[in-house]
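Asker: Sequence:
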Amino acid sequence: MAQLVKLLDYVSRYENDLSRYPTQYIRLKNSQWIRMKTQWEHGADLSDWRQIPEEPEEPVEQTEEGKWYSPLFRLFGNRKARSEDVGPIEAEKERQDEADVFDFNPNIIYHPKNLEQLRKLYLDQLYHFQLKWASSTMLERSKLDAGFMRDSLLRSFTQRLPDSYLLFYYPILKVKKAPVELDILLITPIECLCISVLEGEDAAAFIGDGERFWTKKFGDEESRVLNPLIGLNRMEKIVSGIFASQNIEFPIKKLIISRNGYIDYPGMPFDTAVIDRRMYEEWFSSLRKSTVPMKFNQFKAAQSILDVGQTTAVSRLFEEQIEQGQPDTIE
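Each position in the sequence shown, counted from 1, maps to that position plus 564 in the working numbering.
Just so you know, the hints here were simulated from the structure itself, not pulled from any lab data. Just so it is clear, the structure is predicted and the values come from calculations on it, not from any experiment. Wrong hints could be hidden among the right ones.
[Unchecked claim] Under the rule of at most 20 Å between Cα atoms (straight-line distance), these lysine to any residue pairs were calculated in the SDA-like manner:
| id | residue 1 | residue 2 |
| --- | --- | --- |
| 1 | Lys818 | Asn861 |
| 2 | Lys696 | Leu725 |
| 3 | Lys818 | Ser850 |
| 4 | Lys593 | Lys696 |
Could you build all of it, start to finish, from the sequences and the hints given here?
Answerer: Put into structure tokens, the structure is as follows:
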């Protein structure tokens, strides 16, 4: 499963430590699958998996100097400076506390009859948990749009692509202090794919030209859609600028894709690939076959985008105070 690093402007666990969370995720995914599969093969009752534990509250910790270290510090302090501020012992405790969040337990809603059903059940549950990781941390939470639970493209990318792929799904970045929403960024170990999606009715045809709008035809009906090259070229320019500012050399490729439609534009620029329903499965299969492990440059590229990402979230502490009817001020 590709790792959902950033979703819109939601707070993401990957923002805390991109160098650690991807490997944590892979270990979690594999170990829990082995556990679940082994229990199922031995006829064990999987109902024990029904309860998904709540995230633990963080205890107040004490440093070697005897000063109490409160989780409130993390709320108002610089998250990147935590380890330096609290010392190696406390930083390790913090990492252990945060690792508890990865105690993923699938919610078994039916008893699978075969291995394929078991695998589908597991991946569906893991997808739901990925959405949680992409919209919350231990201290903050973003309001998740329920539509993402039914987003077939997002589900396809996360469930069917390799673990080594890092996905930014319509991320909102701060460019010159202004929020800019991009389309899809898929950062593989070897390149960054800028993807613009054209989707409509099954077998609809998108006819392009050099104007601001393209024509979509479906049967006898015609309508106009915004030229996807406009947003795609802007996205490539923004991403290449981010990479250049950080001295990151990482290939960027532009694609326009349509899973269920046809794209016809003879004047398509040479640096942009078109993937419509005639070749989508072949293209997607080629992505799935990748066995290249994660690379250092891939992490640098993803981190540089995360660094300029916009985040909109509320503090869980304040949210709980409001729910309990308590004042949102600290005396």
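Asker: Next step is simple, just say for each hint if it's right about the structure.
Answerer: Okay, the hints, checked on the actual structure:
A distance of roughly 19 Å separates the Cα atoms of Lys818 and Asn861; the hinted pair therefore holds under the 20 Å criterion. Between Lys696 and Leu725 the CA atoms are separated by roughly 19 Å; this keeps the pair inside 20 Å, and the hint holds. With a C-alpha separation of about 16 Å, the suggested pair Lys818 and Ser850 falls inside the 20 Å cut-off, and the hint holds. Between Lys593 and Lys696, the direct Cα distance comes to roughly 15 Å. Compliance with the 20 Å bound is thereby established for this hinted pair.
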